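S.K.: Take a look at the letters that make up each chain.
There are 2 protein chains.
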Amino acid sequence: MSAADAIDVIRLDGGDEVVVASRDIRLGETVSVPGRGRVEVRSSVPRGHKLAITPVSAGDTVSKYGVVIGVASADIKPGDHVHIHNLTMTDPESDYEFGTARRTLPVPEGRRPTFDGYRRADGKVGTRNYIGILTSVNCSAGTAKMIADQFRGSALDEYTHVDGVVALTHGSGCGLVSGSDGADVLTRTLRGYAAHPNMAGLLVLGLGCEMLQADRIVDPTTLPESTLIETMTIQETGGIRKTVRAGVAAIEKMLGPVNDLQRESVDVSELTLGLNCGGSDGYSGITANPALGVASDLLVAYGGTSILAETPEVFGAEQLLTRRAVSPEVGRKLLKRIEWWKEYAAAGGGSLDNNPSPGNKAGGLTTILEKSLGAIAKSGSAELVDVLAYAEPVTARGLHFMDTPGYDPVSVTGIVAGGANIVCFTTGRGSVLGCKPSPSIKLATNSDLYARMREDMDLNCGGIVDGSESVDEAGRRIFDCVLEVASGRRTVSEELDLGQDEFQPWQLGTVT
Amino acid sequence: MSAADAIDVIRLDGGDEVVVASRDIRLGETVSVPGRGRVEVRSSVPRGHKLAITPVSAGDTVSKYGVVIGVASADIKPGDHVHIHNLTMTDPESDYEFGTARRTLPVPEGRRPTFDGYRRADGKVGTRNYIGILTSVNCSAGTAKMIADQFRGSALDEYTHVDGVVALTHGSGCGLVSGSDGADVLTRTLRGYAAHPNMAGLLVLGLGCEMLQADRIVDPTTLPESTLIETMTIQETGGIRKTVRAGVAAIEKMLGPVNDLQRESVDVSELTLGLNCGGSDGYSGITANPALGVASDLLVAYGGTSILAETPEVFGAEQLLTRRAVSPEVGRKLLKRIEWWKEYAAAGGGSLDNNPSPGNKAGGLTTILEKSLGAIAKSGSAELVDVLAYAEPVTARGLHFMDTPGYDPVSVTGIVAGGANIVCFTTGRGSVLGCKPSPSIKLATNSDLYARMREDMDLNCGGIVDGSESVDEAGRRIFDCVLEVASGRRTVSEELDLGQDEFQPWQLGTVT
Ligand SMILES: [Ca+2]
Ligand SMILES: [Ca+2]
Ligand SMILES: [Ca+2]
Ligand SMILES: [Ca+2]
Ligand SMILES: [Ca+2]
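Chains as they are written, first to last, in full-length UniProt numbering: chain A, 1 to 512; chain B, 1 to 512.
Be aware that a few hints might be false.
No copy is singled out in the list; a pair is fine if it fits within one copy or between any two copies.
With a Cα cut of at most 20 Å, we get these calculated SDA-like pairs of lysine to any residue [said to hold, decoys possible]:
(1) Lys-145 / Leu-496
(2) Lys-361 / Asn-259
(3) Lys-342 / Val-177
(4) Lys-145 / Glu-494
Hints in this document: simulated from the structure, not taken from any laboratory.
Please read all numbers here as calculations on a predicted model, not as lab measurements.
Isolated chain A (complex conformation) (with noise of 0.2 Å):
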C-alpha cells in the first residue's frame, strides 16, 4: 500500500457522531471519511483524537462504537475536535439500565462453519489433546516439571495426536485458610483445569502435606469420563526420584489411548473463546479490540460461546454491560463485583481510577467511559448471559463475563479454568502469552509491531489503521483463522513451545 492509500480516519460504527484521527490532522486539511465522503477540519486533530463528522448540539449526546459516550458541552460542527473541552460525561452510576440494550445477532446465512475437534465423553469439544501435570502445591513444582520434561522435544514425534504434556504447577497450595476466597479460587482453578476439554489425561502430583490434598482437588464426578486420570504422592511413593519414574510411567502408559483419539468435524457453536488484551497501546481500541468484537459477535450468533473478562479495565463503562445483560439479576452480578473490586482496589492502596489518565487524555481518551469501551470492544455487541466468578465453569452459551484481574497471565489462567478452548489475544506492545493446554492467537493492533515482532504475533489488524481493510474484514479473518487454530493449527506460542509458565491461579488472601 503506498503512503497516498493512507486512510485519514476509522469509522468505528456508522451512526457514530465521531471517527477517529489514524493520523495527525492538522487544522484545514480536508480528510475523507468512510460512506461520508469529504469533511474539513476545523481544528488539528493529533492522532487517535476524535474528530467530529456531523453537527452535535449542546446537551446533545455524542456516540462512538455505537454508544453514546458523553454529552456536548458546546455546540460541535462537523470537523470539530471532540475532546475534554466541548464533551462531558453524565454520571453512570445513576444511569444503571438491565437489558435495555439487548441484541439477538442474527445467524449468518450460508453454511455453518466447522472445526475439527476432540469430543470428550461429557460432550465437550477439546481444540487441543493434552496430558496435563496438576500439582496441588509448590512444593511438588519442581517433581512435575521434571516428569514433564520426559516428554519435551522429540519424545512424542510417535504420537502424532497428544499435543504435549503439559505441567501446570503454581507457588501455593498450603499456608492458605482453608475456606477462605484464596484457597476456594485455587481449588476451582485446579478443579477447571481438570476438567478441561483439552485434556485427555492427568498425573494429580502432590507433596503429601499440603493443606491442599492432592486427592481432594479432582472431583471424578465433575469430570469426563474419558479422562484417564492417575493420583500420587512425593512422601507416599518414597521420594523425588521413586515419584519422576512411577509419573513417568503413568503418563507413557495413557499416550496410546489418548494418541488413538481422532478429531472430528463438530459444529463452531462448540467453541468457548476466551478474550483478552495486555500491553495495550493507543490503537488497541480502535482495531484490535473492535475487530476480535466482530468475530465474538460471529461466534455468538452461530450459537457459540465468549468470555469476556478483566474487570478494573471494564470500570467506567459497567453500564454498557448491565445494559446487555439478558436480566436484572446478571446486571447486578456484574454491578457487585464492581463494587468488590472498589474495596479490594482501595485496601491495597489503590483505586480503580474514575477518570482516564492524562497519558490515555493525551490520546485523544475523553472519559473512563471511552477508555473503558475500547477494552469491552472486544466483546462486540453480543447481549451478556451471564457473570462468573474467576475460574467458574462456563455452562451456558454467549457471552460471558469473569470477573478477574486484568494483569494477563492471572485473567486468562482464570477463563481457560473456565472453559475456553481457545482464545485470542490483542497487544499493541508486544505480549507472548501462551496458555496451555489452549492455544492463544496473537492479535497486533498495528503494522509497527507485527513487523518487530513477527515471529511472536499470528495476525495483524494494523491495517485497519493502515486503510488496507475495514474492522468488519479484520474480524473475518480472526474468525477464520479461530476455525483454523481450533482445527488443530499451532499458533506462534505453541510453535515456540510457551504457555506452561503463565499458568499463575489468582493467590487471593491471606498467605500464612
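Position chain B with the ligands relative to chain A; hints supplied.
M.R.: Leaving out everything else, chain B with the ligands in the frame of chain A:
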C-alpha cells in the same frame, strides 16, 4: 542399635522440670532419665508428652527447653504426666520484657573453623557460583526458562566452577499498585537475589511494557562490582527467538570469567544460615529443631549470622524472643510485626491461634507457647540482633528474625533474598525444598522418614529419639555438614537439580 538400647525420654535442657517421652510409657514403668537416674512413672505418658522428673508445687513454674512454659495448677510429683490437667499458661501479653534473657555465647576454644567460598568484590562470600536470570514480570518467565534450559545437563561440564544457570521466574511484576507493599516486597526480593553473594553473573530479562521495568530492578550501586550484568527486554530485542539467542550469547560470554573464580579459605563467620521448617511432625520440636539450634548457636558464637523466620509459627512465644533482643527497639519491632499479622490473618478470614490445635494437644503440647517453642528452638539461645522485613538485606552479624509466612517456598525465598548463603530445613513429613542459588540442607526429624526418603534427606536427627546421640551431638554434626556444604559438597536437592520452582516472592496486596 538394639531395641534394648532405645531411650525412654528426651531431656531438652538440664534445668527442665520435665522430659519428653520418646515412646508410649505405661503407668508403673520405671524409666531412665539422662543425668537423673531412674524415675517411676505415676501415670501413662504417651509419646511426645511431658513427664515430670522433679517435684513442682502448685503455683511454681515449669520449664522445657530451659524456658518457662507455664505454671503448675496442682502439685506435681516426679513421674507425673504434665499436661493441661496440671499446667496452665500465664498471660504472655502482660509479660513482655526486653533484653532480660540476653546471652553472649562464648567463642568455642580451639582452631576457628573455615570453609572454602567465593569472595566477592563487596567483601561478601558466596558458597556457590551461579549465573542468574532475573525476570521483572511473569511475561518473560517462559523465555527465561528457555535460556536457562540451554545450560542444563552436560552443557556446563567444562565449567567446573560454575554451579549452574538459574531462571528466577515468578507470577507477578505487573498489575501491581505502584508503591504498595506488594510492589515493594517483589522489588526487594528481586534486588536481594541480584545482590546475592552466590550470584556471579546476572541476566535481567523483561518483556518491556510491564510496570516493574527490568532496568529498574537492579540498582548497580547495591551490587558487588564483581557481578557481571546484562539487561534486555523481549520487545526491544524483537521477540522471543531473538531474545533467547541474545540471552544465551550473553551468558556464554559470562561463563569463562565466572569459571575463572576460585574458592578460597574464609572464616566461618562469613556464613549466613537460613533456618526453616516444613511438614513438621511431633518430633520436629524435640529432635531436628533443637539440634539445628545448637548449630546456629555455634555459628553465632563464632561471629556468623543466622536468620529465624516464619512469624505465624513463633506467635505465642514472641515474649521469649523479645527477652533475647539486644534492645527494646528490636523487641518492639518484633511485636509490631506480630500485631500486623493479627490483622493480616483476620483480613483473610483466619486467625493466629492462641491455643494449640486439638492435634497438637493430643501430641503432648499443652500451650501455644510450648508449640511455638518447638519452632523457635531452631534459633538456639543466641541474643536477637535485629528484626527484618521480608527480603530485607541482613547487614549485621548474629541472630536475626525475618518476618515471613511459614509457607516454605515463600519463607525461604525471603530469607535467601536477605542474604542467606546456606539454608537448613527441618522436616518430619518429608519436604523436598531446594532454594537456588543457595544450598538447602534437609534435616529429617525421625529415622522412619530418613529411611523412606533417603535420597531426599541430607541428615537424620532421628538418632536423638532413637537414643544414638544427644541433641548437642546432632547439632555439632549439622554444624560440620554446614561447613562441608558451604565449601561445595552438593546437597540432595542440588543432586536432583531442584530449587528453581521454589523461588516464590511473597505476593501481598491487590492485583489489578
Ligand atoms: Ca489490558
Ligand atoms: Ca489483560
Ligand atoms: Ca559445572
Ligand atoms: Ca512449619
Ligand atoms: Ca516453613
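S.K.: For each hint, tell me whether it holds in the structure or not.
M.R.: How the hints compare with the structure:
When the C-alpha separation of Lys-145 and Leu-496 is checked against a cutoff of 20 Å, the pair qualifies both within a copy, at 17 Å, and between copies, at 12 Å. Taking CA atoms no more than 20 Å apart as the test, Lys-361 paired with Asn-259 passes in neither setting, with 53 Å inside one copy and 52 Å between copies. Proximity of Lys-342 and Val-177 under a CA criterion of 20 Å is satisfied inter-copy only: 13 Å between copies versus 23 Å inside one chain copy. In this assembly of identical chains, Lys-145 and Glu-494 lie within 20 Å of each other by CA distance both inside one copy and across copies; the values are 18 Å within and 15 Å between.
This entry does not satisfy hint 2, going by the numbered hints stated previously; all others are met.
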